[in-house]
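Chains A and B, in that order, are what the protein sequence lines are.
Reminder that position 14 of the first sequence reads as 14 in this note's numbering, one-by-one numbering, no gaps.
Reminder that position 28 of the second sequence reads as 28 in this note's numbering, one-by-one numbering, no gaps.
Because the hints were derived from the structure by calculation, they are not lab data.
Be a bit skeptical, because a hint or two may be false.
Heads up, the list lumps identical chains together, so a pair's fine if it works in one copy or across two of them.
Quick list of in silico lysine-lysine cross-link-like pairs, BS3-like style, CA-CA up to 27 Å [unchecked claim]:
1. Lys18 with Lys157
2. Lys157 with Lys46
3. Lys18 with Lys46
2 protein chains.
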Amino acid sequence: MSSRDAVLRAAREQFSRKGYDAATLRAIASEAGVDPSMINHHFGTKEQLFMAALELPVDPTDHVAAVLDGPPDGVGERLVNRFLTVWDSPAGAAGVAVLRTAMQHEGSAALVREFVLNRAINPLLTGLGIPAREAPWRGNLVASQLSGLILTRYLIKLEPIASAPHAVVVRALAPTIQRYLIGALAGGLPGWMGDD
Amino acid sequence: MSSRDAVLRAAREQFSRKGYDAATLRAIASEAGVDPSMINHHFGTKEQLFMAALELPVDPTDHVAAVLDGPPDGVGERLVNRFLTVWDSPAGAAGVAVLRTAMQHEGSAALVREFVLNRAINPLLTGLGIPAREAPWRGNLVASQLSGLILTRYLIKLEPIASAPHAVVVRALAPTIQRYLIGALAGGLPGWMGDD
Numbered sequence: 001m002s003s004r005d006a007v008l009r010a011a012r013e014q015f016s017r018k019g020y021d022a023a024t025l026r027a028i029a030s031e032a033g034v035d036p037s038m039i040n041h042h043f044g045t046k047e048q049l050f051m052a053a054l055e056l057p058v059d060p061t062d063h064v065a066a067v068l069d070g071p072p073d074g075v076g077e078r079l080v081n082r083f084l085t086v087w088d089s090p091a092g093a094a095g096v097a098v099l100r101t102a103m104q105h106e107g108s109a110a111l112v113r114e115f116v117l118n119r120a121i122n123p124l125l126t127g128l129g130i131p132a133r134e135a136p137w138r139g140n141l142v143a144s145q146l147s148g149l150i151l152t153r154y155l156i157k158l159e160p161i162a163s164a165p166h167a168v169v170v171r172a173l174a175p176t177i178q179r180y181l182i183g184a185l186a187g188g189l190p191g192w193m194g195d196d
Numbered sequence: 001m002s003s004r005d006a007v008l009r010a011a012r013e014q015f016s017r018k019g020y021d022a023a024t025l026r027a028i029a030s031e032a033g034v035d036p037s038m039i040n041h042h043f044g045t046k047e048q049l050f051m052a053a054l055e056l057p058v059d060p061t062d063h064v065a066a067v068l069d070g071p072p073d074g075v076g077e078r079l080v081n082r083f084l085t086v087w088d089s090p091a092g093a094a095g096v097a098v099l100r101t102a103m104q105h106e107g108s109a110a111l112v113r114e115f116v117l118n119r120a121i122n123p124l125l126t127g128l129g130i131p132a133r134e135a136p137w138r139g140n141l142v143a144s145q146l147s148g149l150i151l152t153r154y155l156i157k158l159e160p161i162a163s164a165p166h167a168v169v170v171r172a173l174a175p176t177i178q179r180y181l182i183g184a185l186a187g188g189l190p191g192w193m194g195d196d
């Protein structure tokens, strides 16, 4: 394992066990067996290291491109399907640890929020040609359903959703995600999308 | 404050700060200024005390009855509306603390799961006359959307959903909840509802 990988591994371990606020670069460096100055040099600040540790399991960019690749009326289905593939993988297990941490600490919750919005949801909405005034609400609604899927399937482990095959979860959730992304939202929803 | 209230208050504080597994009846008794035998006498086991601490902020029974009271085609709207009223109240803040704890500890996650299913979701589905073979999936889907609403509105605090008035959130989510509770689920969804 390279010292860079050792640092990222130690960072994920420390951030998920102690939380963002309590984890220190010194302790991460110690666990990784490197000098703290090496972390500063390769990753920058604690926030940048956290982002690097968060990003490592998955680069949303490729997934966003794959979800956009196809007819618009299948985008909900493609998103749920891709989402489950990522979260059911080993990278998803790391993601669950990150999310647990984010639930405990305002600081890391904000980082997760920025990461998910800027790297995944907003590029997807932009790629779909969603007008800027609709994007925040549509993105929030998608996040509300998909974060709840993570909670119920991977953390609280409700059955049958926790053990269900992808295809079944996709069929149940795709119409919801489709509506949130590009569908009609309940009669125009005056007052919550600017001047609608 | 009665000693019973003092125990419940100490229990919520200890369970949410230390988590279910690490909290002890001895420490709770100490913080409440009572003898540990008093807790055993009034609440029973640690699990029973946890349930009592969970239940105090809100009795789902009355809310379930209110959600059931009206035409079936408005049940999704009534559920989201009632849900927001409870979670926006001081009891909801206690609920957020409980959920944070549940995210960290398998033991308390299971308690929350049992509580939500047995006291809120299942009575609602029964009241709606949902067949037993459909109830687990419909309940899971409702939980996936509403738990994600808690996450995005109260914990991760995405905007605009975190600050939006009830009426706006209700209009956005009610069609989803309506479909999950009593609507058509994507062509019968063969294989995930028993013999469909």
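Status of the hints after comparison with the structure:
no.	hint	result
1	Lys18 with Lys157	both (23 Å within a copy, 22 Å between copies)
2	Lys157 with Lys46	between (32 Å within a copy, 22 Å between copies)
3	Lys18 with Lys46	both (14 Å within a copy, 26 Å between copies)
Of the numbered hints listed earlier, not one is contradicted by the structure.
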